[in-house]
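**Student:** Residue numbers (our numbering), protein chains in the order written: chain W, 1 to 113; chain F, 1001 to 1114.
Think of the hints as simulated: they come from the structure by calculation, not from any bench.
Ideal Cβ placement from N, Cα and C applies to all residues, glycine included.
Misleading hints may appear alongside valid ones.
[Said to hold, decoys possible] From the structure, some residues in chain W lie toward chain F, with a derived Cβ separation under 10 Å: (1) 6; (2) 36; (3) 40; (4) 41; (5) 42; (6) 45; (7) 99; (8) 101.
[What the hints assert, rightly or not] Per label pair, the in silico range of CB-to-CB distance: (9) W:12 - F:1107: 37 to 45 Å; (10) W:40 - F:1112: 17 to 25 Å; (11) W:95 - F:1061: 13 to 21 Å; (12) W:52 - F:1014: 43 to 51 Å.
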Amino acid sequence: GENVEQHPSTLSVQEGDSAVIKCTYSDSASNYFPWYKQELGKRPQLIIDIRSNVGEKKDQRIAVTLNKTAKHFSLHITETQPEDSAVYFCAARVSGGYNKLIFGAGTRLAVHP
Amino acid sequence: NAGVTQTPKFQVLKTGQSMTLQCAQDMNHEYMSWYRQDPGMGLRLIHYSVGAGITDQGEVPNGYNVSRSTTEDFPLRLLSAAPSQTSVYFCASSPGTSISNEQFFGPGTRLTVL
């Protein structure tokens, strides 16, 4: 079945450094790739998404890149801040599945002051 | 708008008991889904619905039933609880795909099965 792999599972950076999280997906027909942030004890919230007809998208300090040929996409956070500490999930929408998402296992990001 | 609401927030069951997790949304969203979240495994889709009267299975449907009699409500039923169903359950909703793909999550229900 469809699968999304996410790496690394944990990531520790110093405040001000950049952080990169990578995901690969199996369904070549997937066309929508969101990233969710989940703070401790809270619900997941969408932070950025990208569609398959776009290679890169930016929103202030965060950006997502997509390589459809290689079937992978990445989240880039620049100038990290302690409030960026959270678990980040990537997802891919299954083709033909309406808004059916398959999620990666998550990356726990810790930003140290 | 209250958004997506879930009840209860916490629940403890004994093996073999049944219960229903409630989910409601007031955004008139077509699409609703249930996920379970376990450590190191991300969010796994249990069941989803693309509109009132229409439901389908996700990745891990066994042991769970759903129904969608109205646009607003999407309850998840555990038929005979097992310790393997100990998890955090999230309900989510989104508009039809032609409008937006964003899924809005509820606050979650933490379920423990003893």
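**Student:** What are the numbers of the hints the structure violates, in ascending order?
**Tutor:** 3 and 9
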